[in-house]
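*Asks:* The lines below spell out each chain.
There are 2 protein chains.
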Amino acid sequence: MTTEPIAIFDSGVGGLTVAREVHRALPGEEMVYLGDTARVPYGPKSPRTVRRFAGECVEFLLHFRPKLVIIACNTASSVAMDYLAERVDVPLVGVIEPGAAAAVAATANRRVGVIGTKATVRSGSYELAIKKKADDVETYSNACPLFVPMVEEGRAGGPVVEVVAREYLEPLIGKGIDTLILGCTHYPVLKPVIQEVCGPDVNLVDSAEVVAAKVAEVLAAEGALADVPGTEPRFFVTDVVDDFVEVGRYIWPDMPGTVERVELGVV
Amino acid sequence: MTTEPIAIFDSGVGGLTVAREVHRALPGEEMVYLGDTARVPYGPKSPRTVRRFAGECVEFLLHFRPKLVIIACNTASSVAMDYLAERVDVPLVGVIEPGAAAAVAATANRRVGVIGTKATVRSGSYELAIKKKADDVETYSNACPLFVPMVEEGRAGGPVVEVVAREYLEPLIGKGIDTLILGCTHYPVLKPVIQEVCGPDVNLVDSAEVVAAKVAEVLAAEGALADVPGTEPRFFVTDVVDDFVEVGRYIWPDMPGTVERVELGVV
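If you're matching them up, the sequences are chains A and B in order. Letter by letter, the first sequence follows residues 389 to 655 in my numbering. Letter by letter, the second sequence follows residues 389 to 655 in my numbering.
Derived from the structure by calculation, the hints contain no laboratory data. Don't take each hint at face value.
Which copy is meant is left open, so a pair is good if it fits within one copy or across any two.
In silico DMTMM-like links for lysine to aspartate or glutamate, alpha-carbon gap of 20 Å or less [as the list claims (entries may be wrong)]:
1) K579 <-> E597
2) K579 <-> E418
3) K579 <-> E555
This one's a predicted model, so the numbers in the text were calculated from it and none came from an experiment.
Construct the entire structure; sequences and hints are all you get.
*Replies:* Next comes the structure, spelled out in structure tokens:
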């Protein structure tokens, strides 16, 4: 039994989809979350910049002496895992490996689609992870740059989201995929629209759910599961608290805990 | 005659609309531009964070000993002008004042619309500037959060942009505006769609054009105009060069000069 927290890092508010699932799966775990809302989004930015920002954020989280760090951001998981692994001496869980594993398990026709930010798709991280697990699986990807700003604007559906979703997804549907990885923390919010566009026969892999399962597995294997009654998560953000709470409500309506502002990267 | 440059600061690539107009109006001026592409966008962020980022950027530009600094970013112009004015001892030209003046001059029915980022609209900066100039003018504003990511994705028109534009603009059209301020550097790229949705009778005020005219006026008044033959602008960005050039081409197809990467705010 330990009271060291699980740390979660995300580029902003999207990682709340992961935090929510972790909190549901492991309600007795202490949880500390950092969203880099001052510098969000990471998705359109270069690997070098994402590594630098992610490094600063994880350094902050290490002050809480976490027993495990989740890189909830798909972009950071795609381009900064090796960089971070060299700097962190506790287990590091990204979203790519668990997502790839779930997709390989789910696909019957061995054709998997991946949607994500520009940086995630460019990195080819899901393709690589899938090929390592099952080299008979074909992967098809498409970047969906408007999905994140749409979710942050509070759009989870409606005609605009539908038209854009159709535009982004049709090339993948055309390849005959039977499984689609929602490769960005914001996308679970758009699940109903995405499912409608793809049709009921396509399995959607939600990173948030698979990561929560992975974390439970890693902690159980290390005998490090905790069960502290009445524990509340602590959220930190690099920009103002109000906006995080406002957008956060679209993602996690009954979000518990406290939100505080911190400043990183100040000269 | 002087060879001190005109400095232009923007949160990213959008300020190229301003740089292009300045270069067209004053082709013999040295020009140095900084786009904070690592931390873009500023629009959804808090005044405190925007001030801090803008301060770091302008500090960098001051190394070039500019004779004038243009704050091309509407968000930074809206929330950081006073903060910057205290730290800079050369003339500082923002986009709000010139845009407000042009709108007041253009409106016949004294009803002006303003579109911009969330931060710009929240700040009420255009309303305030317009009221100061002409208190009989009514102002109506609406934030358009998807316009920037759409332009950065290379969308200048098409069905999605049209539907979104209609959604954002209809509340303003309903107020009977005859003049609309494009209160964000990215928006001139969407001018054709915006004009179509608003109809031919609404005057569009393009900050880029009015700022270029303002800069020429300020420099002429100070006897500081230069005419260096064959001068080429220098662009600096805080994230990778390639993406800036790629998106920049949508905005300024025959962009001259060189682009270099710099790192700001490193601990």
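*Asks:* Hint by hint, say whether it matches the structure.
*Replies:* The hints, checked one at a time:
1. K579 <-> E597: The answer is within: 13 Å in one copy meets 20 Å, while 43 Å across copies does not.
2. K579 <-> E418: neither (28 Å within a copy, 51 Å between copies)
3. K579 <-> E555: within (16 Å within a copy, 23 Å between copies)
In this structure, only the earlier hint numbered 2 is contradicted, and the remaining ones agree with it.
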